[in-house]
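Novice: Sequence:
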Amino acid sequence: MRILIVAAGTSEISRLERALRDTGCELSLSGRLVEAEHLLRLGRHDALIFDVALAGSHFLPRVLREHPAKAFVAWLSRSSSTRVAELFEAGADEVLDGTMAERELAARVRNATRHGRRPSTRTIELGALRIATDIGEATWDGRPLLLTRREQAVLQVLAEAGGESVRREVLYRRVWGYTMVRGDRSVDVNVKRLRDKLAQSGIELSIRTTPRIGYRLELPSVPLAEDVAITVS
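Numbering (the working numbering), first residue to last: 273 to 505.
Quick caveat, the hints were computed from the structure, so don't treat them as lab data.
Be careful, since some hints might not be right.
[Said to hold, decoys possible] SDA-like, lysine to any residue: derived pairs with alpha carbons at most 20 Å apart:
id : residue 1 : residue 2
1  : Lys464    : Arg445
2  : Lys342    : Leu299
3  : Lys464    : Arg440
4  : Lys342    : Ala362
5  : Lys342    : Ala400
6  : Lys464    : Glu441
7  : Lys342    : Ser353
8  : Lys464    : Arg488
9  : Lys464    : Trp448
10 : Lys342    : Leu312
11 : Lys469    : Arg402
12 : Lys342    : Arg316
13 : Lys469    : Met452
14 : Lys464    : Gly435
[Claimed, not checked] Pair by pair, the computed Cβ-Cβ distance ranges are:
id : residue 1 : residue 2 : range
15 : Val306    : Arg454    : 37 to 47 Å
16 : Gly474    : Arg454    : 34 to 44 Å
17 : Ser286    : Ile485    : 14 to 24 Å
18 : Arg304    : Ile485    : 41 to 51 Å
Note that CB positions come from ideal geometry on N, CA and C, so glycine has one too.
Use the sequences and the hints to build the structure in full.
Specialist: See below:
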């Protein structure tokens with residue numbers, strides 16, 4: 273796995289570098305955003321880890337548009353639930369901070385990059401919804417849905433459930449790869465973003481809240497539990 277890190281050198285970033293090298297990752301380091309963006313365009317890296325203190329508010333949206341197949345991981349020197357929520361809303365695949373242990377740092381980065389490394393073609397069809405997991409694309413009646421990787425992963429888990437409710441902690445474990453800690457709002461933030469995009473697209477697919485449990489998909493014209501088709505080739 274080839275990872276580009278752009279950050280002003282700190283001891284915490286050094287810990288991250290050590291953790292990734294110990295797991296066999298190939299690292300490239302840069303202290304300038306312009307240089308990092310140039311390296312991304314060369315296509316030699318699977319993921320970018322960027323220091324939020326170094327990047328401006330327009331950096332993440334710009335690189336997401338230019339490199340939709342790559343994983344983008346944000347780095348915070350201190351944990352902040354507000355900043356974490358903002359970064360996930362902006363499309364970050366993962367958010368790390370200086371309080372995390374080295375093993376957790378490496379595991380979170382690996383999980384963030386898995387979306388582009390699935391070996392088989394897997395398609396989920398639900399009414400007019402089609403999710404091609406191998407190429408990271410979701411469409412409605414043939415029209416692409418402009419979703420982030422995280423939003424599509426949430427939609428995929430809900431679609432696979434066929435209209436049954438999915439608990440928040442199950443969604444978190446399936447999408448983020450970890451046990452959800454108390455107070456973590458990542459699932460709710462991403463579901464809200466996904467709901468808004470589905471509503472703006474004018475499609476009839478909606479996400480309903482199951483009180484004190486989680487979320488489920490609702491498609492009035494389709495008996496969901498009976499009409500989910502999943503093919504693997």
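Novice: For a C-alpha distance cap of 20 Å, please report whether Lys342 and Ala400 respect it.
Specialist: 27 Å, violated
Novice: Would the pair Lys464 and Trp448 pass a check requiring their Cα atoms to be no farther apart than 20 Å?
Specialist: Holds. Lys464 to Trp448 sits at ~17 Å (cutoff 20 Å).
Novice: For the pair we were handed, Lys464 and Gly435, check the Cα-Cα distance against 20 Å.
Specialist: With a Cα-Cα distance of about 18 Å, the restraint between Lys464 and Gly435 holds, given a limit of 20 Å.
Novice: Tell me if the beta carbons of Arg304 and Ile485 are separated by a distance inside 41 to 51 Å.
Specialist: Distance hint for Arg304, Ile485 holds at roughly 47 Å.
Novice: Take a quick look at whether Lys342 and Leu312 sit within 20 Å of each other, Cα to Cα.
Specialist: Answer holds: Lys342 to Leu312 is near 9 Å, not above 20 Å.
Novice: Given the proposed pairing of Lys342 with Arg316, does the C-alpha separation stay at or below 20 Å?
Specialist: Distance ~11 Å between Lys342 and Arg316 Cα, so the pair holds.
Novice: Are Lys469 and Met452 close enough, with their CA atoms no more than 20 Å apart?
Specialist: 25 Å, violated
Novice: How does the Cβ-Cβ distance of Gly474 and Arg454 compare with 34 to 44 Å: does it lie in that range?
Specialist: Holds: the Cβ-Cβ distance is about 37 Å, inside 34 to 44 Å.
Novice: Regarding the pair Lys342 and Leu299, is the alpha-carbon distance no greater than 20 Å?
Specialist: Holds - the C-alpha atoms of Leu299 and Lys342 are around 15 Å apart, at most 20 Å.
Novice: Look at the Cβ atoms of Ser286 and Ile485 and judge whether their distance stays inside 14 to 24 Å.
Specialist: Since the Cβ atoms of Ser286 and Ile485 sit about 42 Å apart, the hinted range of 14 to 24 Å is violated.
Novice: Given the proposed pairing of Lys464 with Arg445, does the C-alpha separation stay at or below 20 Å?
Specialist: 18 Å, holds
Novice: Would you mind confirming whether the straight-line C-alpha gap from Lys464 to Arg440 stays at or under 20 Å?
Specialist: 13 Å, holds
In this structure, the hints that do not hold are numbers 5, 7, 13, 17, in rising order.
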